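As given, the protein sequences belong to chains A and B, one line each in that order.
Just so it is clear: in the first sequence, position 94 is 94 by the working numbering, and no numbers are missing.
Adding 572 to a residue's 1-based position in the second sequence gives its number in the working numbering.
Among the hints, a few may not be true.
Below 25 Å or equal to it, Euclidean Cα-Cα: the simulated DSS-like pairs (lysine-lysine) are [to be verified]: (1) Lys203(A) to Lys621(B); (2) Lys203(A) to Lys28(A); (3) Lys62(A) to Lys574(B); (4) Lys574(B) to Lys66(A); (5) Lys523(A) to Lys279(A); (6) Lys62(A) to Lys410(A); (7) Lys24(A) to Lys203(A); (8) Lys203(A) to Lys620(B).
Quick caveat, the hints were computed from the structure, so don't treat them as lab data.
Computed from a prediction, not measured in an experiment: that's the story for all the values here.
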Amino acid sequence: MNTEILGIFVTYLITLLIAIPLGKYLAKVFAGEKVWTDFLTPIEKGIYRLSGINHSQQMNWKQHMKAMLTINLVWLIYGFFVLMYQDKLPLNPDGNPGQTPDLAFNTIISFVVNCNLQHYSGESGVTYLTQHFVVMFLQFVSAATGIASAVVFFKAFRDKTTSQLGNFWEFFVKSITRLLLPISIVIALILTFNGTPSSYEGKDQYISVQGDTVGVSRGPAAGMIAIKHLGTNGGGWFGANSAHPLENPTYLTNMVELIAQMIIPIAMVIAFGYFIRRKKLGWVIFGVMTFGMLLLLIPTISSELGGSPAISQMGVSQHTGAMEGKEVRFGPAISAYWTTVTTIISTGSVNNMHDSSMPLTGAWQLLGMMVNSFYGGCGVGILNYFIYLIIAVFISGLMVGRTPEFLGHKVEAREVKIAALITLLSPFLILAGTAIASYVFGTYGDADWAVKPANWLNNPGFHGFSEMLYEVTSSNANNGSGFEGLGDNNIFWNVLTGIVLILARFLPIIGPIAIAGLLAQKKFIPESAGTLRADTLTFGIMTLAVIVVLNALSYFPALALGPLAEYFTMLK
Amino acid sequence: MKKYIFQSIRLTLVLLVLLCVIYPSIIAFAGRFAKGEGNGEAVLLNGKKVGYANIGQTFTDPQYFWGRPSAVSYNAAGSAGSNKGPSNPDYLKDVESRIDTLLKYHPGLKRSEIPADLVTSSGSGLDPDISVQAATIQIARVASNRKLGIEQVQQVVKNATTPPLLGLLGPEKVNVLQLNMALDRLAK
């Protein structure tokens, strides 16, 4: 086995070795059981007191969602104005300008919703103040929002019948103090000692060996890069994200960043099983998700290691694989692994440029974001999966002719309606959004925006269509990666993706929690011989089938017009 | 509802202090003990800053080893890849002309010996490294332009080669700036 492939195995193995115990730990933390980090309790109590929060007050699912939406609204308003007026605020050593209203609108939404789409470049579009007090702050709290929401959902299935689902603020604060902050400190220190800048020094300038005068953007980046991965946010300090040699200096830091983005999504699945005292269910879900990941990962690695057919025709040696948009210190193999991880998990950070990936890789990237629950984002991955699961429960129920039930609660019309609406939301946003963009591109090419629609695309033909499809898909998945050739900093893309982002974040959180909250209030039916058991392999396969069928039906035509068409034209 | 608004604002303020003041200060303080004191590791020549260890530079002089093509001309004030798609005809023309340049400056070089990294641009536009193969094909040119023995230059390349992590994980690579500075030192 060569060293590049071995690197993937070792990285994934370490991920599991950290994520599984972490999952068990999280189940205990959120159940209020004794854990070794209880020495942090006084700090949490201090936070509650300063914020006027009574953390022992129980909330029902509606109160949870009200609290969640309120604090998110506060962040939206706060961040919007700080971004617009960042040029007048301190900590701006590079003298960067304030953001235009449409860019600030897009930026603040995309960070509040854990997407980090970034229609600006980190070196010139934000200041050190906004990098920390808006961007990094939201990277912490948006991840904590996702985790806390998932815990509300866990709580609904822990007891037989209840409407008391714990306290939102407690889950939220503990997500930060017991999980995100301590692990971020460790990761940030590893990055700092491997070459990532952490001081507040501004841009530097020097004369190179050959006599060119060039600049170097720097700044306190290490702390943000840690949480951008741990919280599956993905927004980079520098424009080139984790391909940048200061953001991701070595193969070791690359492994650390890869592991960091994967541990919480996996841990949350394990935690679910332990928390509701049905470990097997957690493991079955984990199994389905892992299988789904492999379905996307293996063809991605194979298409990237195969190299570009067009470059092969020129007679050049691609002995390690396709290299356009990739860094030598990582190589194509781990870059392909990163590509899969960052798209299935909604991180959206990149260590290679997706716009230059091979055509089929592009299809797998898009599909990973469309499914969005093979592990999925911080906390929200399992919520997305739950929607597929309810659909699977419903279809299975129809097949055997019984009222469907899940974990001892009847799944009735209301719950299935919610699940169906959430399922339809993604294809609606992705396909309608891409259609509008294509229409504007085709019909209003000369519109007087910051980037004229006719100049949006960096590549002609099918690949150009993929650039637009990718942008909307990434927004819908709250992913944040892009085919970055797209000229997206103009009022059209800023507003369109802003709207997609906000709908695709909050409805898929509220939907599953509403279902869980409604189910939890219902009478508990003990298991009998006729019960459909959710923690079996058969049911796992059933869920996977639902995922495959739903996504294939929704997206095959769009994928056929973009990456698949490009693939077939390159074959000839 | 009103209660949630006040709680949200107060909690946000508390967390801003914890996450945006205390947390980065801890990291910035620790960074002072890292190489480059948290400012990025600079490379000095006769006491003058000539670059950063992790950031690539433009080398076009035949006396030097060349790095990869860059979409930002190695100016690290910004960073970007080319974002060219694999089927883009203009892009493929660029690659073809890079191959021609290499063939022109390296008599006897076969197309099949050219590694892809030397004719494609990196994701950051600042890639400090090239593959071992990319350095190997340039040895003869650099040696003849510097009037050095081939073996001598081979040794310099070998010294500038970083093996995979722990000898096991990831690719081998050659840092171009380190390599060229070692050559300059040799000349003195």
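For which of the previously enumerated hints does the structure constitute a violation, in increasing order of number?
-> Failing hints, ascending: 2 and 7.
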